[in-house]
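Read top to bottom, the protein sequences are chains A and B. End of the first sequence sits at 143 in this note's numbering; the numbers just go up one at a time, nothing left out. End of the second sequence sits at 1269 in this note's numbering; the numbers just go up one at a time, nothing left out.
If you're looking for bench data, these hints aren't it; they were derived computationally from the structure. Possibly wrong hints are sitting among the right ones.
[Unchecked claim] So the derived label-pair ranges between C-beta atoms look like this: (1) A:Ser-16 <-> B:Lys-802: 22 to 30 Å; (2) B:Arg-916 <-> A:Asp-50: 31 to 39 Å; (3) A:Asp-50 <-> B:Thr-935: 53 to 61 Å; (4) A:Arg-141 <-> B:Leu-1040: 46 to 54 Å; (5) A:Gln-28 <-> B:Ile-922: 50 to 58 Å; (6) A:Asp-114 <-> B:Asp-1117: 55 to 63 Å; (7) A:Gly-78 <-> B:Glu-1024: 57 to 65 Å; (8) A:Asp-27 <-> B:Val-864: 33 to 41 Å; (9) A:Asp-27 <-> B:Asp-1214: 30 to 38 Å; (10) A:Arg-141 <-> B:Glu-753: 51 to 59 Å.
Ideal Cβ placement from N, Cα and C applies to all residues, glycine included.
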Amino acid sequence: MVERTLRFRDDEPVSDPAVTVDSFADQSNASAVRLEPGDDARALIPYLDRIGLVEVNFPAFTDGRGYSAARILREAGYAGELRAVGDVLVDQLSAMRRCGFDSFAPDHPFSSDDAQAALARWPEFYQAAADDRTPIWAKRHA
Amino acid sequence: MYKYDQYDQAMVDTRVAEFRDQVNRRLEGHITEDQFKPLRLQNGLYLQLHAYMLRVAVPYGTLSSAQMHMLADIADKYDRGYGHFTTRQNIQYNWIRLEDAPDILADLATVEMHAIQTSGNCIRNISSDQYAGAAADEVIDPRPYAELLRQWSSFHPEFLALPRKFKIAVIASDTDRAAMKLHDIGIRMVRNDAGEIGTQFYVGGGMGRTPMIAPLIRDFVPLDQFVTYSEACLRVYNRHGRRDNKYKARIKILVHELGAEEYKRQVEEEFAHLQGQGIEPPLAELERIKACFQDPAFEAGAPDEVDASDPDFVLWTDRNCHPHKQPGYISATISLKPVGGIPGDASADQMRLMADLAKEYSFDECRVTHAQNIVLPHVRKADLYTLWRKLDEAGLGTPNLDRIGDIIACPGLDYCSLANARSIPVAQKISERFAAQEKQDALGELKLKISGCINACGHHHAGHIGILGVDRKGVENYQLLLGGCEGEDTSLGKITGPGFDEDGIVDAVEKAADVYLREKQEGERFLDTYRRIGIDPFKEALYG
């Protein structure tokens, strides 16, 4: 069974359409926003209280700006849904989860078997990131 | 040397399993070549002209004897019995089958090695000084810091799809033997006035089609902040580096276009923010790593004299050995540049011999240099003659370190799908032209570097004499550059004028060498004379 959106949250998804960063500032009732690779994620920081969904678009899987955008939002305390959309491949799933993404709407849906295998693959990580995994250095000096 | 613990081993083992799965999905057609390409590249697997090429990481150039033996076994088992040591202290195999790649990675993992991030748009293998931990002039052994960065950069989730590749070098002496300022980040370990060790950050250097010397961005980052500082440097680049043009995507272009001051300002701002994010490993982790790099058990009071009765041995000692911090010891370079040979190539048998000699005479350790040679870092002077005899018998005793025969060359059009011209035959012809010992003696230190295309893998910008192969209307053509230097007085070579054909470039090198011999003053190297008299006398000899 292939689902279009893979989601790692229990709350009700935001149903509003995501608006652009530019129009978001003017629409005080908007709760979903879409970040393009060139957008500054920090522009959203003043509005995090009213945002329930940030879609980060990956027009090409080789463009990694969205990874930084995701971490910046999580570092700023954003707790809403962070969705990777566009050219998102199953082999990127693990790194994206580490950067704070908790939902995925790829152009070409991945099979749930592949997704589970990708997420179960890595038992350890060297770095601290935006997820709650304990880095190896912390385990070594626990 | 660094020793893996259960975590490090789990990381490389997991990578082997992951890559095996990715190769299987590719072979079964579940993913396209376009999707597979970045995956295989982040495992060092390129599709070249004739076959796949696998680049294996040699972190900061340090290898144990067992690791060198494994490299030899892989050469025999999966390649054609040889390997090619690279300018970033790695090794490449040129005749690899895709189906074998996962098994090779599995073999490497048994000796704590891998091919993680040896290509692709990510943070590459961290390089360092080949005499690290041995050199008389170093502030501290730079390798523990390089190892901490190796772990930090391995599978860093934010930096796996950078605008372009990213190379870091770490050194710890005033003399730069790693071309530090020609890296995306060059880090120099320093001691400040208070006696504390810290790191200097040079950011935005590089070669390629737009060579740049990295400006100093921060003159002292404390040891308990330098991973965070690196992360800030990378984040600014990942967010703002150009992605519209592959040839303008390296960090050097970002730093150049923003200006070093503005880049620094953005890094400092990001750094201030990231310091609150808990990403810096504790100093205890650095101490744990440092414990792996303690000095070997040097013999106190080892004799400091070298037997000088054999002139060939004395020549090799003068040329190929470097002072050691421990009295009675010396670092010896094994030249992989025999006359007429392929620079950086070693056969499996040669690798085994070097591995055995490292075990017997150098505390089980050897190093790969960015000039594509091998170093035995810790040799007792009392053993040096015996060692040299064994090397010389095996054809590994060429006394030409930093001489005109010690050529850096990329694989060129013989192997590489990016190349415009062949590099290897040019290197071979030059090495043969200058084979006579008296000629090499007269020329003294002269670093010659050849690239087969503008990507500059052969470091032609940084050669005292550089050669760049280009394609001119379907014919290989070679441009001559003079005055480059990768050392602490880094400079970029200048093109002399119109290019030459394959034989013409060899003649041109000889003409340039003759100008030096005619003009040199007492104590001057080729580079010094060039810097004093400028390019015009050379142009006149070449084109006049």
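Checked hints:
1. A:Ser-16 <-> B:Lys-802: 22 to 30 Å: 58 Å, violated
2. B:Arg-916 <-> A:Asp-50: 31 to 39 Å: Violated: the Cβ-Cβ distance is about 48 Å, outside 31 to 39 Å.
3. A:Asp-50 <-> B:Thr-935: 53 to 61 Å: 45 Å, violated
4. A:Arg-141 <-> B:Leu-1040: 46 to 54 Å: About 48 Å separates the Cβ atoms of Arg-141 of chain A and Leu-1040 of chain B, which means 46 to 54 Å holds.
5. A:Gln-28 <-> B:Ile-922: 50 to 58 Å: With Cβ atoms ~53 Å apart, the hint holds.
6. A:Asp-114 <-> B:Asp-1117: 55 to 63 Å: Given range 55 to 63 Å: holds, Cβ gap about 59 Å.
7. A:Gly-78 <-> B:Glu-1024: 57 to 65 Å: 59 Å, holds
8. A:Asp-27 <-> B:Val-864: 33 to 41 Å: 56 Å, violated
9. A:Asp-27 <-> B:Asp-1214: 30 to 38 Å: Roughly 56 Å apart at Cβ, these two residues miss the hinted range, so it is violated.
10. A:Arg-141 <-> B:Glu-753: 51 to 59 Å: 39 Å, violated
The structure fails hints 1, 2, 3, 8, 9 and 10 (numbered hints given earlier, in ascending order).
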